[in-house]
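All chains, full assembly: derive it from the sequences and hints.
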Amino acid sequence: MNDAIRDVSDAMTIAVGGFGGAGFPEELVRALEDQGRKDLVIISNNAARFERLINSGAVSQIICSFPFGGASATLRESIANAGVELKLLPQGTLSECLRAAGSGLGGVLTRVGFGTSFAEGRSIINVDGTDFILEPPLSADFAFVHAELADRWGNLSMRGTARNFNLVMAMAAATTIAEANQVVEVGHISPDGCDVPGIFVDAVVQCSNLRDARDIRFGLDT
Amino acid sequence: MNDAIRDVSDAMTIAVGGFGGAGFPEELVRALEDQGRKDLVIISNNAARFERLINSGAVSQIICSFPFGGASATLRESIANAGVELKLLPQGTLSECLRAAGSGLGGVLTRVGFGTSFAEGRSIINVDGTDFILEPPLSADFAFVHAELADRWGNLSMRGTARNFNLVMAMAAATTIAEANQVVEVGHISPDGCDVPGIFVDAVVQCSNLRDARDIRFGLDT
Amino acid sequence: MAWTRNEIAARIAADIPKGWVVNIGVGMPTLVPGFIPDDREVLFQSENGILGMVALGPKESPDPELIDAGKRPIAVRPGGSFFESSLSFSMIRGGHIDLGIVGALQISRAGDIANWRTDEKMIGGIGGAADVCSGVKNLWVAMLHVTDTGELKLLDRCSYPLTAAAVVDRVYSDLAVLERSDDQWQVVSLAPGVSLAQASGATGFPIKGPD
Amino acid sequence: MAWTRNEIAARIAADIPKGWVVNIGVGMPTLVPGFIPDDREVLFQSENGILGMVALGPKESPDPELIDAGKRPIAVRPGGSFFESSLSFSMIRGGHIDLGIVGALQISRAGDIANWRTDEKMIGGIGGAADVCSGVKNLWVAMLHVTDTGELKLLDRCSYPLTAAAVVDRVYSDLAVLERSDDQWQVVSLAPGVSLAQASGATGFPIKGPD
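Chains as they are written, first to last, in our numbering: chain A, 1 to 222; chain B, 223 to 444; chain C, 445 to 655; chain D, 656 to 866.
In case anyone wonders, no lab produced these hints; they're calculated from the structure. Note that the Cβ used here is the ideal one computed from N, Cα and C, for glycine as well. Among the hints, a few may not be true.
Once the Cα atoms are required to be at most 30 Å apart in a straight line, the calculated DSSO-like pairs of lysine-lysine come out as [said to hold, decoys possible]: (1) D:Lys-776 / B:Lys-260; (2) D:Lys-714 / D:Lys-673; (3) C:Lys-462 / A:Lys-38; (4) C:Lys-581 / C:Lys-462; (5) B:Lys-309 / D:Lys-792.
Footprint (simulated), chain B over chain A, 3 or more residues, beta carbon under 8 Å [said to hold, decoys possible]: (6) 102-111; (7) 126-136.
Which residues of chain B face chain A? A partial, calculated answer using Cβ under 7 Å [to be verified]: (8) Leu-327; (9) Gly-328; (10) Gly-329; (11) Leu-331.
Written out as structure tokens, the structure is:
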């Protein structure tokens, strides 16, 4: 894991997949905690699993939708103490802005947040009589994602609700690193059942701790 | 099939899935030919398979990217004779505008076509110093799509390159009708292997002619 | 006698037609699926990427890769499907979800909803609440009519930051079921023993009695 | 002696590094995959929704649901994947494709490309050509240097409607391989027996000889 993330440097933006614990690349994040970087920008739906990283002083900003879902009692304090800037986006906007960056699109035109504080400071674009918020694309230097199966071409297969942000983050990042419960031979993942085509993934690492239904990590931030 | 499309009326917009013959809802289109409608707007990647519909005087406009790919020698003439308006969009823009309509987004911001005739008459939106063409969403009254497997909740599973436009068209239409080689019991399509979730599909019909590797229709517009 | 939380949920469940696709928010709304009769097919969507979710049965082991948006362990019913985040929000924003059921801190006469933070404190974050409230075909709110300390939650204008503007269709509270049309609110029904005067007194805008 | 179509394709194939993902246009570009050695892994993408396509082997039956963007029957190699149209164009527009190989009617000094219609006639349509030409990391053009009737195709400005502006990186023609940097064109190599003067005479803008 440490080797997989060796090119991460200070002040980079890291998009981290997962929703709660499902599809969360926990081993890559643990390796990042050990790396001792500074001024990282983290893009992830939740903030709960980054408390150790925040406490180590590695994070300058978190871009997310639901920072305190299932968070520990101390997370808010950690964020405040570390001077971490919190940038909130509606969850669908977060997802779509990552997809836009990965799709070569200039931004997202959405009604979500119109008439609320989420429209503040945004350009409003009128299309055929309706106003939309223009939210710019959201890209990352690295994406860390988690898969059930991966092959050395980077094809990924997920299980259940582990898909979540892993596809759009893999798309949005210059370099995507996937940890997988099982690294399989090329050809094992069916062409009809590939959740993230390998074109979006640059490196694949085998998890040392497999995640199964009785995994002790389950429930960590429920 | 005739019953499935009974609510199609004159001047409606019909999005028809498929790329060439792959994933093309041929039986639904045959039923549409028999229906005797007027002033239909057809959204489909190719025009080749609509010649009979055009010749019957049912079509006023075709929105597509590649009308004459594999077309018969007479298609251009048919389109001219029937006074059909041809509206071309780059294929990725066509696809993304359908997705935008189905996703509640206000339009697509793309660089594709910038500096060419595809930018003519379009709004140009500058995002952080780069100009993008704004292409509005593309919705339809009906979508006709083809699947390998379908269940009565509308879940669809495709094979190979038959996916193509079928998802975005199902998303973009007020009513989506799917023809399937095989209508299966609910539960047969795996939750991990569903290409089009049933939420996007309103009716499912069983094809009378199964399409397989030796189907005589193959090669029709190659 | 005001309705209990379970009675509110049962009341909502009774109003959901067969075949609807429903997104369920955190809190009281999570009680609703338990009151849908087995013979009425209703599909529950969760924005983290599942259609057809069901609560885990007593004998089912939790799977860390199978959770709902509230991060509770779930299962999938036959005919359900999993998908990634951007497609999930295409469903939500694109008007493909028949109904959203959410909680609220405040509701305004115009149908604005505030349910993600007070003036002082963010609860969990905005999450998918703004997308759900803005995107679904019907938005029903499950809530207590007033706060624990007796402050009104149904107000002429919300004082807390909005989640979405002019979106609430119905409110199911412990005192009444209310339906909105523009800025007119109609009482659909009152909890047993609750008078129109009581309900009106607990509401910061005019409400019209049942016909 | 000018290069043949097969020699042009082989020349292109020789320049594709291991591990690249390549989108192949119709016409001459379709010859390129046949010249990639078996031990060099290169993945071919087709915009209708496949990564890892291969030409059908002599014993393979065509499957109507397995075609490329030129509507020719294909197969998928192990490690390939199928996907729907919007994800396919996310790959293309998003800069995830290393190389596009396309044909051209005209190329301008500024790197503009016209390859979908003449003044009079639309060939097939725009299709995915504008997306591919605009979106890929590298755009190489396989073409004959001049038309059958001897008209120049490499011009100061294109007269036909553009597919994309300022995108061409290299031209592989029957006479030469040319590389563009802004509006400067460098001859990378000349076909055997073709002089720089001959290539220059067939080109509507200045080209610089090989170093």
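Hint check results:
Restraint check for D:Lys-776 and B:Lys-260: the C-alpha separation of about 28 Å stays at or below 30 Å, so the hint holds. A threshold of 30 Å between alpha carbons decides the hint, and for D:Lys-714 with D:Lys-673 the separation of about 28 Å falls inside it, so the pair holds. Note on C:Lys-462 and A:Lys-38: the hinted pairing is violated, with a Cα-Cα distance of about 53 Å set against a maximum of 30 Å. A hinted pair counts as satisfied when its Cα atoms are at most 30 Å apart, and C:Lys-581 with C:Lys-462 qualifies at roughly 15 Å.
Note on B:Lys-309 and D:Lys-792: the hinted pairing holds, with a Cα-Cα distance of about 29 Å set against a maximum of 30 Å. Given as covered by chain B, the region 102-111 of chain A passes the check, having 9 residues with a CB less than 8 Å from a CB of that chain where 3 are the minimum. Residue count for the region 126-136 of chain A with a Cβ under 8 Å from a Cβ of chain B: 6. That meets the three needed, and the coverage hint holds. Evaluation of the B:Leu-327 hint against chain A yields a held restraint, the C-beta minimum of about 5 Å falling below 7 Å.
Checking B:Gly-328 against chain A: minimum C-beta separation of about 3 Å stays under 7 Å; hint holds. A cut of 7 Å between beta carbons decides the hint on B:Gly-329: the least distance to chain A is about 5 Å, and the hint holds. Annotation: interface hint on B:Leu-331 holds; nearest CB of chain A at approximately 3 Å, less than 7 Å.
Violated hint: 3 only; the structure is consistent with all others.
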